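Participant: Given chain A, work out where chain B should sit, using these hints.
Protein chains: 2
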Amino acid sequence: MDENKHIGQSVGIVTPQVAKFTEPFTFKCGAVIADYELVYETYGMLNSDHSNAVLVCHALNASHHVAGTYADDPGNVGWWDNLIGPGKPVDTNRFFVIGVNNLGGCHGSTGPKSINSGTGKPWGSQFPVVTVEDWVKSQTRLADRLGIPQFAAVMGGSLGAMQSLQWTISYPERLRHALVIACAPNLSAQNIAFNEIARQAIITDPDFHGGDYYERGVTPKRGLRVARMVGHVTYLSDDEMANKFGRQLKHGKLNYSFDTDFQIESYLRYQADKFAEYFDANTYLRITKVLDYFDPAFEHGGDLTRALAPAKAAFLVVSFTTDWRFSPERSREIVSALLDNRGDVTYAEIDAPHGHDAFLLDDERYHRLVAAYFDRIGVEVGA
Amino acid sequence: MDENKHIGQSVGIVTPQVAKFTEPFTFKCGAVIADYELVYETYGMLNSDHSNAVLVCHALNASHHVAGTYADDPGNVGWWDNLIGPGKPVDTNRFFVIGVNNLGGCHGSTGPKSINSGTGKPWGSQFPVVTVEDWVKSQTRLADRLGIPQFAAVMGGSLGAMQSLQWTISYPERLRHALVIACAPNLSAQNIAFNEIARQAIITDPDFHGGDYYERGVTPKRGLRVARMVGHVTYLSDDEMANKFGRQLKHGKLNYSFDTDFQIESYLRYQADKFAEYFDANTYLRITKVLDYFDPAFEHGGDLTRALAPAKAAFLVVSFTTDWRFSPERSREIVSALLDNRGDVTYAEIDAPHGHDAFLLDDERYHRLVAAYFDRIGVEVGA
Numbered sequence: 001m002d003e004n005k006h007i008g009q010s011v012g013i014v015t016p017q018v019a020k021f022t023e024p025f026t027f028k029c030g031a032v033i034a035d036y037e038l039v040y041e042t043y044g045m046l047n048s049d050h051s052n053a054v055l056v057c058h059a060l061n062a063s064h065h066v067a068g069t070y071a072d073d074p075g076n077v078g079w080w081d082n083l084i085g086p087g088k089p090v091d092t093n094r095f096f097v098i099g100v101n102n103l104g105g106c107h108g109s110t111g112p113k114s115i116n117s118g119t120g121k122p123w124g125s126q127f128p129v130v131t132v133e134d135w136v137k138s139q140t141r142l143a144d145r146l147g148i149p150q151f152a153a154v155m156g157g158s159l160g161a162m163q164s165l166q167w168t169i170s171y172p173e174r175l176r177h178a179l180v181i182a183c184a185p186n187l188s189a190q191n192i193a194f195n196e197i198a199r200q201a202i203i204t205d206p207d208f209h210g211g212d213y214y215e216r217g218v219t220p221k222r223g224l225r226v227a228r229m230v231g232h233v234t235y236l237s238d239d240e241m242a243n244k245f246g247r248q249l250k251h252g253k254l255n256y257s258f259d260t261d262f263q264i265e266s267y268l269r270y271q272a273d274k275f276a277e278y279f280d281a282n283t284y285l286r287i288t289k290v291l292d293y294f295d296p297a298f299e300h301g302g303d304l305t306r307a308l309a310p311a312k313a314a315f316l317v318v319s320f321t322t323d324w325r326f327s328p329e330r331s332r333e334i335v336s337a338l339l340d341n342r343g344d345v346t347y348a349e350i351d352a353p354h355g356h357d358a359f360l361l362d363d364e365r366y367h368r369l370v371a372a373y374f375d376r377i378g379v380e381v382g383a
Numbered sequence: 001m002d003e004n005k006h007i008g009q010s011v012g013i014v015t016p017q018v019a020k021f022t023e024p025f026t027f028k029c030g031a032v033i034a035d036y037e038l039v040y041e042t043y044g045m046l047n048s049d050h051s052n053a054v055l056v057c058h059a060l061n062a063s064h065h066v067a068g069t070y071a072d073d074p075g076n077v078g079w080w081d082n083l084i085g086p087g088k089p090v091d092t093n094r095f096f097v098i099g100v101n102n103l104g105g106c107h108g109s110t111g112p113k114s115i116n117s118g119t120g121k122p123w124g125s126q127f128p129v130v131t132v133e134d135w136v137k138s139q140t141r142l143a144d145r146l147g148i149p150q151f152a153a154v155m156g157g158s159l160g161a162m163q164s165l166q167w168t169i170s171y172p173e174r175l176r177h178a179l180v181i182a183c184a185p186n187l188s189a190q191n192i193a194f195n196e197i198a199r200q201a202i203i204t205d206p207d208f209h210g211g212d213y214y215e216r217g218v219t220p221k222r223g224l225r226v227a228r229m230v231g232h233v234t235y236l237s238d239d240e241m242a243n244k245f246g247r248q249l250k251h252g253k254l255n256y257s258f259d260t261d262f263q264i265e266s267y268l269r270y271q272a273d274k275f276a277e278y279f280d281a282n283t284y285l286r287i288t289k290v291l292d293y294f295d296p297a298f299e300h301g302g303d304l305t306r307a308l309a310p311a312k313a314a315f316l317v318v319s320f321t322t323d324w325r326f327s328p329e330r331s332r333e334i335v336s337a338l339l340d341n342r343g344d345v346t347y348a349e350i351d352a353p354h355g356h357d358a359f360l361l362d363d364e365r366y367h368r369l370v371a372a373y374f375d376r377i378g379v380e381v382g383a
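Residue numbers (this note's numbering), protein chains in the order written: chain A, 1 to 383; chain B, 1 to 383.
These are calculated hints, taken from the structure and not from any lab test.
Among these hints, one or two may not hold up.
Note that the list lumps identical chains together, so a pair holds whenever it fits in one copy or between two copies.
[To be verified] With a Cα cut of at most 25 Å, we get these calculated PhoX-like pairs of lysine-lysine: (1) Lys-253 <-> Lys-137; (2) Lys-253 <-> Lys-28; (3) Lys-28 <-> Lys-250; (4) Lys-253 <-> Lys-20; (5) Lys-121 <-> Lys-20.
Just so we're clear, the structure is a prediction, and the values are computed from it rather than from any experiment.
Just chain A, with the same shape it has in the complex (with noise of 0.2 Å):
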């Protein structure tokens, strides 16, 4: 164990729990679906006053299972176990944390994969391309099911994020800290370029079938594969993979063929296969989707300011100094449109090598700045 990390428990075995929601659900696009279920997690107790609710946000292949682990599964540990339960930076002896996956997810949310009642057959190609606000309005609906007129906070990093921030502008009233980690205003040509590269990688695949592959018994596995390694090389940057692969050869020695000669590219086919293997493929092109239209200065003919202003949230807003992906520069945006609001806001660039993929890690600094903000947000203790 390394000394200087912060203290904490882990939250230990956790289950997942189903809220099933039977009024129509109309998206931005304009679609309605029927009836839907959210899958999530909680950690911690809701206090008497419902006041000390912390809903965490993910990002674009993560799920609810945000802390702790499963009976069933024990190496199956939520993907911010580092930073929520007992003792940790987001303490689940004060705070009742949610994790929930999103609508059009594919961890157990209603989703392409999932059954369409009204049809009997899975969603496929059918389901709506949905929206960071479809996600934040879905989300109200879980709030509202568990008693929570009112978030101590809501936090996510990269397009978590985005979902704090959607949070501040749609339903002002119903949070009173945003985390806003990782994140930018929008997606920069770049960003929508390598989304558009992954979307491309799956759709050309043949056992895409237009979106219309469960009833086949193919999944687009190639295009799959290919789109998590563009993404994978975007999470980190170019320093951490230099440090952490350089030229190293998996052989000894080049093969002079294409099989693997570096370090590197069996890293990424590892990754792709993995990833190929758990994931489907109509969530990730929807969730690019969702990073791509995510633009709140959009309807505000490209300001910021003006789309910020019916945020009443204070703010933490964290960046990382070598994220390539969202880089400091547009956290900076989202921070200078908040204080032109005259908004409360903490903001702190923190000096990491490891690319957008900091936000995932057990960054001293980051994650005491991160304790050190959930300290002064007050809360009764206990139910």
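Facilitator: Here is chain B on its own, set in the frame of chain A:
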């Protein structure tokens, strides 16, 4: 016409020529081919003592068609036409310039899609994995054929510059100047990763058939499309893409589908479609390996200074500030190693917004620099 541009004319109509070599060629990997052809073009006149020849080496997807145009295809202008011609920075009134398609290419020189004279069938998967060293060696045979004992200069950008550099190591007596533009002494892990994504897209395309697709009447176009998109994004800078495309919508609104929403998507798809029509997938695979394998320091324990110790040429090294594929930092490694060897080096870092592609573009400072450098190369004019 921009009046700031270097005054000069086109070399006009040009005609490719073919050099057939019937001595066996042994590749670095050990493979031997019995015979091969190189297609090339020349511009200007070789002088009486054969001292004014300039070899131009091409990069990833270019060819021997460096300058001028074709009588039957006037729109097909050489890829470095802005730099080479009468009165241009590389002045064909003074220099005899040669462009050559490399071995393994798909523009006329012997490569995977050529017929293997031993079998009467296309080489396909059996064509060797080539290296920069192989290319340079094959180019010496063309120089012998043309009666050029020593080049006034060998020049190239990107992968072309790697060939210039290799010339100074492998054949130090055979060139007086090396122009090393937008180069790196080897690829970073991130560079290799992007190449591996491109390769995986091609190799996993069901129409690839292990590289032996020619006789099946198919080509792995899906994979080539994705490969080209990956390449394209890495050649442009983030800023350049932001300036050129930003978040401009193709149809003025979001589609909520997987059709084209943003201009950048439309551009990438167009470029990818075009590329997949004319480029050979087996060649693309090999050229990415040529890049990955290039690492002159490797055989010297990573010591680039020792690797470059044989070089006798004078150098012009040029980098571009926004090139994130081969950053100025990487060019400075080359300069530093050359200076350690007390070499004759001119180095310039050009402040240009265009990323890696800048070496192909008509940037005034860059072109003036090349012109000034060539002015100092003393040659006799005329034959």
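Participant: Checking against the hints above, which ones are violated?
Facilitator: 4
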